[in-house]
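Protein chains: 2
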Amino acid sequence: MDEHNISKAVIRRLPRYHRYLGYLIDEKVERISSNELSRRMKVTASQIRQDLNNFGGFGQQGYGYNVKYLYQEIGKILGLDKTYSMIVIGSGNLGQAIANYVKFEKRGMHVIGLFDCNEALKGKLVRDIPIRMIDELPEFLQNNKVDIATLTLPKAGAEAVAGVIVENGVRAIWNFAHTDLELPDDVIVENVHLSESLMQLTYKINHSAADRE
Amino acid sequence: MDEHNISKAVIRRLPRYHRYLGYLIDEKVERISSNELSRRMKVTASQIRQDLNNFGGFGQQGYGYNVKYLYQEIGKILGLDKTYSMIVIGSGNLGQAIANYVKFEKRGMHVIGLFDCNEALKGKLVRDIPIRMIDELPEFLQNNKVDIATLTLPKAGAEAVAGVIVENGVRAIWNFAHTDLELPDDVIVENVHLSESLMQLTYKINHSAADRE
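Heads up: the protein sequence lines correspond to chains A and B, in order. End of the first sequence = 213 in our numbering, gap-free, step of one. End of the second sequence = 1213 in our numbering, gap-free, step of one.
Incorrect hints may appear among the rest.
Label-pair distances were calculated between CB atoms; the ranges are [to be verified]:
{"id": "1", "chain 1": "B", "residue 1": "I1129", "chain 2": "A", "residue 2": "K122", "range": "27 to 35 Å"}
{"id": "2", "chain 1": "A", "residue 1": "Q50", "chain 2": "B", "residue 2": "Q1142", "range": "43 to 51 Å"}
{"id": "3", "chain 1": "A", "residue 1": "L183", "chain 2": "B", "residue 2": "N1168", "range": "41 to 49 Å"}
{"id": "4", "chain 1": "B", "residue 1": "Y1063", "chain 2": "A", "residue 2": "E105", "range": "49 to 57 Å"}
Partial chain B-side listing against chain A, Cβ under 8 Å, derived [said to hold, decoys possible]:
{"id": "5", "residue": "N1100"}
{"id": "6", "residue": "R1107"}
{"id": "7", "residue": "A1172"}
{"id": "8", "residue": "Y1203"}
Source of the hints: derived by calculation from the structure; they are not laboratory data. Keep in mind the model is a prediction, meaning the values are calculated, not measured. Heads up, the beta-carbon is just placed ideally off N, CA and C, and yes, glycines get one too.
Please model the entire structure based on the sequences and the hints provided.
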């Protein structure tokens, strides 16, 4: 399968297909047509056919998609068939929320370390993992393979710590700090800028009435 | 200014322009060319000109953009010149993180209530607001104007509570529960599905090497 020409927009939509296919598996549905999937997902059937055609051979005219096969293939494309070790830097409410989010564990995500600069949190257990002080980070990274570093700390701290984790071999960052980190090209970053999401909401609050006119 | 034809993609990019213009204001920069903004934001100058042309009249050939004016106008479009009252339903780590996130307050966001179904949290103060039990929610909504309800509770709880808040007049939902809420057309929803963001990261971990070949 030629995955390299798949557009970013399609990749962004894949998790939602994966989720709905998971619901279908729970309901013991074995095959589904693009029309039925369209009704459930509130996306046009032609969009579904176009998106899933990227992977080739999943659907058959008049026969529908094999739910379990498609679920597994999309899971593989998204890298969900593998396991990942994660550390969380910034162990306040947001960092603890992420460490506790059970679903992540189900998806092969193993939190192996939490860090903070607040002495009051030192040694506190989150999912049986003690919160470590940030000065222990370089040594921890030298002794442990870390696939993903999650940054749930303020902007200035995130910028300071990003260099340290990259120097020590981390190649993927899940960044919640409200800044665009300056990193080498071979470092992967996925940003979650919550305030930008909130601005989409305030935009819609002010424009939705007009849009419907 | 004709805002109604602006594409969703442009609207998604506006918060980032707003953020960089804010940095420029902090640096006391009064005017900026699209080329210089391009260098800072790592976006092409032609994309910047195209995006900002949607609002008309901000830029002048050879003269650049008026930073403060553009910052204010984009802020107005995003609805940042207004204030909003918010409640947070689900007062675990994620809900508390949102309520504590100081920046939201700066953006005119006022958290006026927190709710949970866990009796152990009853009365606990977050930013001087006591956590209330979920059965108090309908009465609270009848007595208080709530612009935005943030849902930071599990899927089943979110689906159950969404009906209650909509029946009681809330018209905008910031949804962190990993489900597509079924709501009337006049209710605005902005979803933050963290596990979908994480899947973008695991996708990139598995495909970035190949993409660079």
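Against the structure, the hints:
no.: 1; hint: I1129(B) with K122(A): 27 to 35 Å; in the structure: holds, 28 Å
no.: 2; hint: Q50(A) with Q1142(B): 43 to 51 Å; in the structure: holds, 46 Å
no.: 3; hint: L183(A) with N1168(B): 41 to 49 Å; in the structure: holds, 46 Å
no.: 4; hint: Y1063(B) with E105(A): 49 to 57 Å; in the structure: holds, 55 Å
no.: 5; hint: N1100; in the structure: holds, 6 Å
no.: 6; hint: R1107; in the structure: holds, 7 Å
no.: 7; hint: A1172; in the structure: holds, 5 Å
no.: 8; hint: Y1203; in the structure: holds, 5 Å
Hint compliance for this structure: every hint is met.
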